[in-house]
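Starting from the known structure of chain H, fit chain L onto it as the hints suggest.
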Amino acid sequence: MFNELIRKVGNKKNSAQEIASFNRKKFRFSDWFAEKVIKAVAFLSIAVVVLIFIFVFREAFPIFKMNKADVVGTEVLVQESYGGADNENSTIKTIDNQVDNSNIKHASSGKPSSTLLSNSWMPVSDNPRYGMWPLFLGTFKVTLIALLFAAPISILAAIYTSMFAKPRIREIIKPVIELLAGFPSVVIGFFALMVLATVFQNIFGYASRLNGFVGGIAMGLAAIPIIYTLTEDALTAVPKTFTEASLGLGASRRQTAFYVVLPAAVPGIFAAVVLGVGRIFGETMIALMATGNAAMISMNPFDSVRTLSATIGAEMAEVVFGDTHYNVLFLIGSLLFIFTFALNALAEFYFKNLVIRRYQSKK
Amino acid sequence: MNRNVKDIVVEGITGVSVLVIIFIIVTILAVTIVGGWPNLNLTFLSEFPKDGMTKGGIFPAIVGTAVMTIIMAVAAVPFGVITAIYLAEYASEKSILAKTIRFAVKTLAVVPSIIFGLFGLGFFIGFVGKNMDGLLNGGALKWGQPNILWASFTMALLTLPVVIVSVEEAIRTIPREMREASLALGATKWQTIRSVVLPGSVSGILTGTILAVSRGAGEVAPILFTGAAYFLSDLPHSLSDQFMSLGYHIYIMSTQSSDVDATLPIQFATTLVLLLLTFSLNAVAVILRYRIRKRAK
Numbered sequence: 010m011f012n013e014l015i016r017k018v019g020n021k022k023n024s025a026q027e028i029a030s031f032n033r034k035k036f037r038f039s040d041w042f043a044e045k046v047i048k049a050v051a052f053l054s055i056a057v058v059v060l061i062f063i064f065v066f067r068e069a070f071p072i073f074k075m076n077k078a079d080v081v082g083t084e085v086l087v088q089e090s091y092g093g094a095d096n097e098n099s100t101i102k103t104i105d106n107q108v109d110n111s112n113i114k115h116a117s118s119g120k121p122s123s124t125l126l127s128n129s130w131m132p133v134s135d136n137p138r139y140g141m142w143p144l145f146l147g148t149f150k151v152t153l154i155a156l157l158f159a160a161p162i163s164i165l166a167a168i169y170t171s172m173f174a175k176p177r178i179r180e181i182i183k184p185v186i187e188l189l190a191g192f193p194s195v196v197i198g199f200f201a202l203m204v205l206a207t208v209f210q211n212i213f214g215y216a217s218r219l220n221g222f223v224g225g226i227a228m229g230l231a232a233i234p235i236i237y238t239l240t241e242d243a244l245t246a247v248p249k250t251f252t253e254a255s256l257g258l259g260a261s262r263r264q265t266a267f268y269v270v271l272p273a274a275v276p277g278i279f280a281a282v283v284l285g286v287g288r289i290f291g292e293t294m295i296a297l298m299a300t301g302n303a304a305m306i307s308m309n310p311f312d313s314v315r316t317l318s319a320t321i322g323a324e325m326a327e328v329v330f331g332d333t334h335y336n337v338l339f340l341i342g343s344l345l346f347i348f349t350f351a352l353n354a355l356a357e358f359y360f361k362n363l364v365i366r367r368y369q370s371k372k
Numbered sequence: 258m259n260r261n262v263k264d265i266v267v268e269g270i271t272g273v274s275v276l277v278i279i280f281i282i283v284t285i286l287a288v289t290i291v292g293g294w295p296n297l298n299l300t301f302l303s304e305f306p307k308d309g310m311t312k313g314g315i316f317p318a319i320v321g322t323a324v325m326t327i328i329m330a331v332a333a334v335p336f337g338v339i340t341a342i343y344l345a346e347y348a349s350e351k352s353i354l355a356k357t358i359r360f361a362v363k364t365l366a367v368v369p370s371i372i373f374g375l376f377g378l379g380f381f382i383g384f385v386g387k388n389m390d391g392l393l394n395g396g397a398l399k400w401g402q403p404n405i406l407w408a409s410f411t412m413a414l415l416t417l418p419v420v421i422v423s424v425e426e427a428i429r430t431i432p433r434e435m436r437e438a439s440l441a442l443g444a445t446k447w448q449t450i451r452s453v454v455l456p457g458s459v460s461g462i463l464t465g466t467i468l469a470v471s472r473g474a475g476e477v478a479p480i481l482f483t484g485a486a487y488f489l490s491d492l493p494h495s496l497s498d499q500f501m502s503l504g505y506h507i508y509i510m511s512t513q514s515s516d517v518d519a520t521l522p523i524q525f526a527t528t529l530v531l532l533l534l535t536f537s538l539n540a541v542a543v544i545l546r547y548r549i550r551k552r553a554k
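If you read the protein sequences in the order shown, they are chains H and L. To convert a position in the first sequence, counted from 1, into our numbering, add 9. To convert a position in the second sequence, counted from 1, into our numbering, add 257.
For the record, the hints were derived by calculation from the structure and aren't laboratory data. The beta carbon of each residue, even a glycine, is placed where N, CA and C say it ideally should be. Accuracy of the hints is not assured; some may be wrong.
[What the hints assert, rightly or not] Derived list of chain L stretches under chain H, where covered just means 3 residues or more per stretch with a C-beta under 8 Å from a C-beta of chain H:
{"id": "1", "region": "370–379"}
{"id": "2", "region": "469–475"}
[Stated by the list, open to error] No more than 25 Å apart at the CA atoms, straight line, and that leaves these computed lysine to any residue pairs for SDA-like:
{"id": "3", "chain 1": "H", "residue 1": "K249", "chain 2": "H", "residue 2": "G191"}
{"id": "4", "chain 1": "L", "residue 1": "K307", "chain 2": "L", "residue 2": "S515"}
{"id": "5", "chain 1": "H", "residue 1": "K45", "chain 2": "L", "residue 2": "R429"}
{"id": "6", "chain 1": "H", "residue 1": "K48", "chain 2": "L", "residue 2": "I328"}
{"id": "7", "chain 1": "H", "residue 1": "K48", "chain 2": "L", "residue 2": "K351"}
{"id": "8", "chain 1": "L", "residue 1": "K263", "chain 2": "H", "residue 2": "R179"}
{"id": "9", "chain 1": "L", "residue 1": "K363", "chain 2": "H", "residue 2": "E324"}
{"id": "10", "chain 1": "L", "residue 1": "K363", "chain 2": "H", "residue 2": "A246"}
{"id": "11", "chain 1": "L", "residue 1": "K363", "chain 2": "H", "residue 2": "I347"}
{"id": "12", "chain 1": "L", "residue 1": "K387", "chain 2": "H", "residue 2": "I63"}
{"id": "13", "chain 1": "L", "residue 1": "K387", "chain 2": "H", "residue 2": "V329"}
{"id": "14", "chain 1": "H", "residue 1": "K48", "chain 2": "L", "residue 2": "V459"}
{"id": "15", "chain 1": "L", "residue 1": "K351", "chain 2": "H", "residue 2": "E44"}
{"id": "16", "chain 1": "H", "residue 1": "K361", "chain 2": "H", "residue 2": "A190"}
{"id": "17", "chain 1": "H", "residue 1": "K175", "chain 2": "L", "residue 2": "I544"}
{"id": "18", "chain 1": "L", "residue 1": "K399", "chain 2": "L", "residue 2": "H494"}
{"id": "19", "chain 1": "L", "residue 1": "K446", "chain 2": "L", "residue 2": "A345"}
{"id": "20", "chain 1": "L", "residue 1": "K312", "chain 2": "L", "residue 2": "I509"}
{"id": "21", "chain 1": "L", "residue 1": "K363", "chain 2": "H", "residue 2": "L156"}
{"id": "22", "chain 1": "H", "residue 1": "K48", "chain 2": "L", "residue 2": "T357"}
{"id": "23", "chain 1": "L", "residue 1": "K399", "chain 2": "H", "residue 2": "K175"}
{"id": "24", "chain 1": "H", "residue 1": "K183", "chain 2": "L", "residue 2": "G269"}
{"id": "25", "chain 1": "L", "residue 1": "K263", "chain 2": "H", "residue 2": "F251"}
{"id": "26", "chain 1": "L", "residue 1": "K307", "chain 2": "L", "residue 2": "I290"}
{"id": "27", "chain 1": "H", "residue 1": "K175", "chain 2": "H", "residue 2": "F267"}
{"id": "28", "chain 1": "H", "residue 1": "K48", "chain 2": "L", "residue 2": "A444"}
{"id": "29", "chain 1": "H", "residue 1": "K183", "chain 2": "L", "residue 2": "D264"}
{"id": "30", "chain 1": "H", "residue 1": "K183", "chain 2": "H", "residue 2": "E357"}
{"id": "31", "chain 1": "H", "residue 1": "K45", "chain 2": "L", "residue 2": "S352"}
{"id": "32", "chain 1": "H", "residue 1": "K249", "chain 2": "L", "residue 2": "Y547"}
{"id": "33", "chain 1": "L", "residue 1": "K363", "chain 2": "H", "residue 2": "A56"}
[Claimed, not checked] Partial pick of chain H residues on the chain L-facing surface, computed with a CB cut under 10 Å:
{"id": "34", "residue": "I164"}
{"id": "35", "residue": "F173"}
{"id": "36", "residue": "A190"}
{"id": "37", "residue": "P193"}
Bound conformation, chain H alone:
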């Protein structure tokens, strides 16, 4: 503290050393102890992240082990499951026309964990298949829809707030839009389920009331405050001198905003969008309530979709502890975690460095 203080007041080396030596003489246990305790507690947040890593992955890990076990001790198991699988295939063919050939091929291989990359997600059946493609596709589709809706509108709104709005109006707009961040996602999900779904169905006239489009728009609502706030921060962080120089040269506020401030803030805006993607990607309650939750492979935005996080939310409560299905859900969780972790690291290190370098080089 003393050292820091002196550094701030001025670089008087002698007095700094004097005080440092003065400091060293008096050892106080309470001070030493307090610092150690505070440091240890602060360390906890790192520990929590590491623990999340370990425990989510630990529960997902048996899947990979199971594959090997199946390969080694197959004979009897495979024999048994072949019979069962064949029976089931015929029933599937007659009852469920939607299951295509590739699924049946996978089903007859008999190893549930080997179906991870197949096209059908049917975890609760006599011959469970854990094909994650429909989930990936669904998540991608919803995220894209949400982003196409939320990103432009939030960025434009942020531009208005930081560039065009009068200071008094800005003081009102900012907290009002940030209110949206205070809406619990279950409330947004409820709104989508009750109102948006009906309104959109009346407008577009599609078949299933709950689908990827409704879910995407609703998730976009959840992402708007994040993208808006971070973009606004990025725009405000652009040095005032840039704006003043541009305006002084006779450019209009619009030209200044779009040709000077916006380009300078691009890395920050990218970071905002990236974090928005993270939010949409991991959103569970809205996905559960508004997307219809049918795992199918389709590029139609108006079809029902099932996202990765909604799958965990919907199925985890019913699985048996330690079952393959349980492990697969944790595997999905691990993927979600890795993905958001990577997005956050990207926003934090890559884009932030870009911002810093940009301003420093131009100063």
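Quick look at chain L alone, frame taken from chain H:
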């Protein structure tokens, strides 16, 4: 196009975006209020659900949410405050530990809430709870299953970053001169923190707690499989009981209930209660934070 016309059009488009967002916010509020207000009365707030959840009130859900957020705050706030003190008072900006802690806090803030649910299931229930049962109850199942304690702890991890950020912001607005004065009077660093920094950041701690409670009351995904229950005929009596929560109630009533239309009034009224709760908490936090920021200037 004329430059002036272009200016007006572009400014107009950005302005319309703001209006669209505000319109959406107002619509959500209006729909919830119009749908929920007629059913919001004292009996609704103070009764148990009746007739297979189609009638009656949401009293157990309100109590469950309240108890859960209180335990959560008790767990999260001390840790959050101490971490914030470390970041603001002890750590130098360049130290690797401080940078790592900052990154960890940011990671906690962006990890999807459902992952916290998985972690709660895998760590608190599957690891801590199971081992507690083995040690304390001789293997009988008590802690190794979803309950209000594990749900609250899971939620505490989720809201930890909220507390840390608010408190650190408040600590940083305390003028340096006050610390210097304290140190010059002979106080040690810890004494300075205890008697100058902490009292000065009370409003920040309050803001952080309120925001955390508001967040915790609204989140559903982390408690889906760590303790929330569909229907309980009794309030939770011990930490190893399950509980009902407002958010979970809305989710389950609007998607899993056997007769969704019959329970519509209950769904809207519950949503209104939850929204009023989180909204008023957020409003208080916004005002407090505004006052902190004013002090900074």
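Going down the list of hints, with the structure as the test:
Residues of the region 370–379 of chain L lying with their CB closer than 8 Å to a CB of chain H number 9, which satisfies the three-residue condition for coverage. Residues of the region 469–475 of chain L lying with their CB closer than 8 Å to a CB of chain H number 3, which satisfies the three-residue condition for coverage. Annotation: proposed proximity of K249/H to G191/H is violated, straight-line Cα distance about 31 Å (limit 25 Å). For the hint linking K307/L to S515/L, the alpha-carbon distance of about 14 Å falls within 25 Å, and the restraint holds.
For a cut-off of 25 Å, the pair hint linking K45/H to R429/L stands: about 21 Å separates their Cα positions. For the hint linking K48/H to I328/L, the alpha-carbon distance of about 24 Å falls within 25 Å, and the restraint holds. Proposed proximity of K48/H and K351/L is supported: the alpha carbons are some 16 Å apart, at most 25 Å. For the hint pairing K263/L with R179/H, the CA-to-CA distance comes to about 23 Å; that is within 25 Å, so the pair holds.
Our distance criterion of 25 Å between C-alpha atoms is broken by K363/L and E324/H, whose separation comes to about 28 Å. Using a Cα cut-off of 25 Å, the hinted pair K363/L and A246/H holds, with the two alpha carbons roughly 20 Å apart. With a CA separation close to 14 Å, the supplied pair K363/L and I347/H stays within the 25 Å bound. For the proposed pair K387/L and I63/H, the alpha carbon gap of about 17 Å is at most 25 Å, so the pair holds.
With a CA separation close to 15 Å, the supplied pair K387/L and V329/H stays within the 25 Å bound. For a cut-off of 25 Å, the pair hint linking K48/H to V459/L stands: about 21 Å separates their Cα positions. At most 25 Å may separate the alpha-carbon atoms for a hinted pair to count; K351/L and E44/H meet this at roughly 18 Å. Under the criterion of a C-alpha separation no larger than 25 Å, the hint pairing K361/H with A190/H is consistent with the structure, at around 23 Å.
Annotation: proposed proximity of K175/H to I544/L holds, straight-line Cα distance about 21 Å (limit 25 Å). A hinted pair counts as satisfied when its Cα atoms are at most 25 Å apart, and K399/L with H494/L qualifies at roughly 14 Å. For the proposed pair K446/L and A345/L, the alpha carbon gap of about 13 Å is at most 25 Å, so the pair holds. For the hint pairing K312/L with I509/L, the CA-to-CA distance comes to about 15 Å; that is within 25 Å, so the pair holds.
A C-alpha spacing of about 22 Å is found between K363/L and L156/H, which places the hinted pair at or below 25 Å, so the restraint holds. At most 25 Å may separate the alpha-carbon atoms for a hinted pair to count; K48/H and T357/L meet this at roughly 13 Å. Between the alpha carbons of K399/L and K175/H the distance comes to roughly 60 Å, so the proposed pair goes past 25 Å and is violated. Only pairs whose Cα atoms come within 25 Å are accepted, and K183/H paired with G269/L is accepted, the gap being roughly 18 Å.
This hinted pair checks out: K263/L and F251/H have alpha carbons roughly 22 Å apart, not beyond 25 Å. Under the criterion of a C-alpha separation no larger than 25 Å, the hint pairing K307/L with I290/L is consistent with the structure, at around 23 Å. Taking the CA atoms of K175/H and F267/H, the gap is about 18 Å. The hint holds against a cut of 25 Å. For the proposed pair K48/H and A444/L, the alpha carbon gap of about 20 Å is at most 25 Å, so the pair holds.
Of the supplied pair hints, the one linking K183/H and D264/L holds, its CA atoms being roughly 23 Å apart against a limit of 25 Å. Note on K183/H and E357/H: the hinted pairing holds, with a Cα-Cα distance of about 23 Å set against a maximum of 25 Å. Of the supplied pair hints, the one linking K45/H and S352/L holds, its CA atoms being roughly 16 Å apart against a limit of 25 Å. Proposed proximity of K249/H and Y547/L is supported: the alpha carbons are some 23 Å apart, at most 25 Å.
Distance check on the hinted pair: K363/L and A56/H sit about 14 Å apart at the alpha-carbon level, within 25 Å; holds. A hinted interface residue such as I164/H counts as satisfied when its beta carbon comes closer than 10 Å to some beta carbon of chain L; here the least separation is about 8 Å, so the hint holds. With a cut of 10 Å, the hint placing F173/H at the interface with chain L holds, because the nearest CB-to-CB distance is about 5 Å. Using the Cβ-Cβ criterion of 10 Å, the hint placing A190/H at the interface with chain L is satisfied: the shortest such distance is roughly 8 Å.
For the restraint placing P193/H at the interface with chain L, the shortest Cβ-Cβ distance is roughly 3 Å, inside the 10 Å limit, so the hint holds.
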